Amino acid sequence: MKKLSLLFLVTILSFASFTACEDFVTDTEPQIDVIEDELLNDPEQIPFLITGVEARFAFVYTRLTVASDLIAAQLVFDEVMDLATFPTYRELNDAFAGVADQTVFSSNTVRGVYTPLGGYRLLADNLLERIADLEGLDQATRDRATYVGNFYGAVARYFIGFYFAESACGANAGVGSGGPECLATLGGPIDESAVITASAMMSEILPRLQAAKAVASPYQTRVINTLEARMHLFLGNYGEAFAAAQSGMEQGDDPFQSLHSVQSANEFFFAAGDGRIQVIPNRRFEGYIADDPDEANRVKLRQAPDRLVNDDEPRFQQDMYPVQESPMDFLTWQENELILAELEGIRGQGGGGQGSALSRVNNVRSSHGIGPVAGPVNADLILEERDKELFLQSVRMFDLLRFNAWHATIPGTVGAGSSNAGNPIGPWRGLPIPNDERNQNPNIN
Amino acid sequence: MLKKLLLPLFLLSLTAFFSVATAQTGSLTGSVIDRATGETLVGATVFITDLERGAPTNINGEYTIDNLPVGSYTIRVSFIGYRTLTETVAISAGENVYNVELRSDLTGLDEVVVTSIASRTSRAVSEVAVARVDAGRFTETASYQDLSQLVSGKVAGVNVQPAGGTVGAGIRFNVRSGGGIGGAGQPVIYVDGIRIDNSQLTGVGRGGQGTGTLADINMDEVESIDILKGPAAAALYGTSGSNGVVLITTKRGQAVAGGGLNVRVRSTQGWSDFVREDQLEQFGSTQAISDIFRTARLDHRNVSISGGSEYIRFYTSADQRLEEGTMNRNFMDRQNFRANFDAFPREDVTISISAGYSWNAVQLPDNDNNVIGYLGNTVLATPGVNDAGDVELGLNTFGFTAKESIDAIEDESKTTRFLGSAQFQYRPIENFELTASIGYDGASLRRDNSIPPGFFVTGPGTAGQRTIVNRNNQQYTYDFNARYSYDIIPGLAASTVVGTQMFDRTIDTQNFTKRTFATPLITNIGAGEDFIGGSEGFLNTREAGVFAEQSFNYENTYMFSFGGRQDFAAAIGGDAPNIFYPKVSAAVRLDNVANLPNWANFLKLRAAYGETGQLPGFNDGAARIWGATNSAYGTGGIISFVGNTGIKPERIKELEIGLEAELFEKLGLDLTYYIQRAEDSIIDFRQSPSTGITNLVPFNVGGINGNGFEAQLTYTPIENANTQLDLGITYAYQDTEVTDLGGAQPIFDGFSLNVIEVGERRSEFYVPVVNGARFNDDGTYAGVDAESERSGVGNPIPVHSGSFTANLRVLRNLSAYVQFDFAYDLYVYNNTKVFAILFRNYPRFEELREQLGIGGLGVSGFDELTPGTAEYNAAAEEYARLNTGFDDNFIERADWLKLRELSINYNFRDFLSRLGADSYITDLNVSVGGRNLLTSTKYSGIDPEVNFAGARSLSRGQDFLTMPPSRQLYFTVSLGF
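Sequences listed follow chains A and B, in order.
Just so we're aligned, residue 951 is where the first sequence starts under the numbering used here, counting upward by one.
Just so we're aligned, residue 263 is where the second sequence starts under the numbering used here, counting upward by one.
With the rest of the complex left out, here is chain A:
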């Protein structure tokens, strides 16, 4: 009987611990690096969320620029550089020549832009949703959040709608081909939609920019107008572009930049800088400086260390963003000026004609201490001036398409490593929407 009693007691005690177990496992100390969503429904936390949106913009923009300027051959994955080893950079450099679709769509470099871009867009939208019903938020913070949510939400949509593509531009896009018709195929989805083309995306972008303008400073308004002008220019909406650019950034305006720090580094440091040189500027930029040494004031290059170059000839690395903290120009008054020059000089907008266009081009050159050009302002001049002025600012891709000037062959040093340099360029004219989207989104093939 004693035995049975003891056994019964132990059994009871053991099962009494049953409920204690649940309390035990849930009574853990909180994590220090994450918080739950609802804790952010607090006016005090809105500045923290605003900064998150800005930070994500910078994170995406620097990576997007490396990828787009690589496929657009401002940057070259040149295998004479010892540290050039990433196959995904090679694929972008080659516009995915000879690469199977499965490889194209699983490019880690493209995924590294596309995935955080989606997150960046959500952060901007979430900020607007959160402040919509938030009580106790002071007006200044609400205005700032409204501006940031709308402006950066619009920029995110610009990135989504203009830089990506569902397919290569045509079944045999041809080697060396790719013009405005390819530009029309660019686009991306939002929230698992079908691809929203760049032109259609404008209906998502412009209302947000208008909402941002409602709370924007005069400088911020001019920045928005320059962005509108850029997008309209790419889409061939020259009238709208001219109207926007006329109210765009003005000489003396600070550039609108993405900001970087050691902890949120400029990607060029690791892809094309002292962190690691995998890609270098196309060698035509050396030529620009050779032709006019003053061009070095805006096309900033630096000779790469010899020990990293497996060739007798020196190679140059970009020096636009020399350190991790280097800010990146996103919109400048010089770009606005060149937009107006193009529109006046070769697109028939406004009444200024060649004279005004040339003046604007030279005004931009003068801002860097570079002597004037004689003109005329034609497509070649605009293309070259934009190539230099907007060096490593992610717009070259669109200029090549607009001016039907895509390169015919793969850039790089012929014979270096396993380089395909000299072979026909591949068919992609935008960044391929990755498998991560294709495989989940029922509206994308």
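The hints are simulated quantities; they were obtained by calculation from the structure and are not laboratory data.
Bear in mind that the values here come from a model prediction, so they are computed numbers and not experimental data.
Glycine included, each C-beta is placed from N, C-alpha and C at the ideal position.
Certain hints may be false.
[Claimed, not checked] Using C-beta positions, here's what the derived DEER-type ranges look like:
| hint | chain 1 | residue 1 | chain 2 | residue 2 | range |
| --- | --- | --- | --- | --- | --- |
| 1 | A | GLU972 | B | VAL855 | 41 to 49 Å |
| 2 | B | GLY889 | A | PRO993 | 14 to 22 Å |
| 3 | A | GLU1079 | B | GLY889 | 13 to 21 Å |
| 4 | A | ASP992 | B | ARG689 | 55 to 63 Å |
| 5 | A | PRO993 | B | VAL1031 | 58 to 66 Å |
| 6 | B | VAL565 | A | LEU989 | 55 to 63 Å |
| 7 | A | GLN981 | B | ILE691 | 32 to 40 Å |
| 8 | A | ASP1256 | B | SER1202 | 30 to 38 Å |
| 9 | B | GLU1126 | A | ASP1051 | 29 to 37 Å |
| 10 | B | ARG689 | A | GLN981 | 41 to 49 Å |
Position chain B relative to chain A; hints supplied.
Here is chain B on its own, set in the frame of chain A:
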């Protein structure tokens, strides 16, 4: 009144006195010897079960039990390593002589093994497959770096894959078919009841290799290792036991007659070398690669003192292992101290204390997927023009990073770790036992990674950089259980176990990186000019469970158990607060119920079914959580993770059936077939990035099936005083098939090679198959003919694996042990070869380019072949198979056979005895041996036992500039006093 009582009491006492005085008694005396060798067995137990009295044999192997009432009794004679003998003996008045011959337990049937969380039985009546490694036997003559070396090849169904050949790096266990899809697929490991940390610690640099926390554990302290290989046996260990449970028991003291001490001193000196030089000839930079290896030293010393009495026993040891890797900057200095105590203050109380302290400093080199690794800078060497003006392959070595820079980098992890447990056992009444224990594993790691200024390294340039990492891991294991054993009816014994187990783990980490140091002489991180980054983490997790088990044993012939565990864990989603895991098992001794031939000494059938789980990630059950990101704008909020509040553990079910037999008293056979089914596997679904959800969201929708067969065969054809030969074969077959991903897309590793995909095996290499070369109409090479869709082409986990062992003793004291390990139907991705080709450092590739006229470097002297000829076509086919754009070309069959261990040992005990020195030196052993002595493999790379991404990632079987295992030779002397 008092007088009335006194008289009867007096008469009663008197009667009792005379009845005792006149009862007849006898004594039992005799000797216990080894039946085969005739050697006396010192310390054997002779026990009369009816009277619960017994005696041990003395130094002459003799025993005496006095004052035994005349009668007939059941006597049980036992000794470790021998088959227990039970017989009936008649005791008559006076002296009774009963001499016993015990036979060796060659097949281990009498060995007491762990069969569940609170159960130990002899192997003969176990209902589940059990595996034991008698560590003490192996460590007596050989020196093992860590658990993986000791266990490797010794247990069917437990395959150990090192991440590479660096000393102190991580290891990966493959237990059976791997349980579920989730988790790292690693068993839970306990040391003396302490659930220990089995992480692989990664961080900056190193290209994927991490420090293995198991490297802190000294195998010389270990007495035995029991392995429960799957849910059928490990169900009562609950969640996280899905990949098996490894139970390490450290050495404990034994009572020594006269209160003496056992003192053992051992020293091992060894040398390691890279010996697969032939494999380097495929590269252009053969010599440069060869030059990065060195002869490495091993210096291992151990001293232990043990002893005890009736009331207290102790074991204590001190150990130091200094081991260099065969690559510069790879070194381990490990010091271990252990003190174990067992106290028996009362007959019904046992207190056991285990305490182990280790200090382990490990230096690891950068390698693998890394531009500052030795192999990366010698294999990925571009062609250059030599002094003679000719193009030479592999000339530009150390193109990424100069050798002096790589040499100058210092990377050292220092860990101080304490493993301690206290166990209290109380037996308040007969056959009732209460056990309470607490275990603690506390480890503090400090990692320093220093790149001195003045040396160019990608990233910091010549500015110098220093990173420090601190990691504190503390985990507590609490166990309480009660066991009651009783007879229901004569012959039918039963046992009831109930208990609880709780586990609490806290990890906090800090890391800090600064750059730009003015001088290499001051390494204080505060002297760095530029702050690069810093972070800290903190995680507290808890698990708990309540378990019960009921067992029945009918005359050691029919055994049956059932039980279950209700489990709780902090990581389970809010909608699924706990989970139940059942188990049931049975066994029948056919040799007791069937009329078997005499040569069939033992035959048992067993079957067991059990379930365990695999926990979700800690945050998987959260709805949406935010983290902070640093930026030039300040610190901002970003969505860190979107989870699933309904998430619950993956459930793994296992059914195993087995047969164990002993034939001719010499042949042991242990066969097991198992089936594993994982349900509710946690599949992390990638959301469309356009939704803004950037993490993978977990859902319980997956499933994977596994099955396998394990066989262990032991055979002792010769056994006598002077000669004994033990042969062993261990074999395991395993297969898996992913059955469900809930509609998710295939889950790939970072290199898009290993996949989790429906219809494929776990981690299958999943790539488009290459058919060969394509040709133009004129017969010239046109490219690679490959399939457009992916398919499974091979698996990085061997389908068949095992070992052959032989232990031969001759001339009484000279013994030799040999162990061959093998893996069959195994594939490895040779990414090293891929990059050698990309860097034009692969001569065969250049030869083919010249033969095909497609741009060779002119270094081979081969003539261009004529398109359309057989030679041209053959060259084109081979060239297509070297195209680096197609992964299939580099996924190679990598079956291997290795002479893993060979040792020769001589025991000078008899010699000492003849000298009369055995009263001073009780034992003297001298051994020579080696590991990884020979390798035969189909793999064309340097070595197939590598994985560039360390021991935990989804990437498996990928060779990418990974340090290969080395050959080690050693010489050991051990003395006993």
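Sort out which numbered hints this structure fails and list those numbers smallest first.
7
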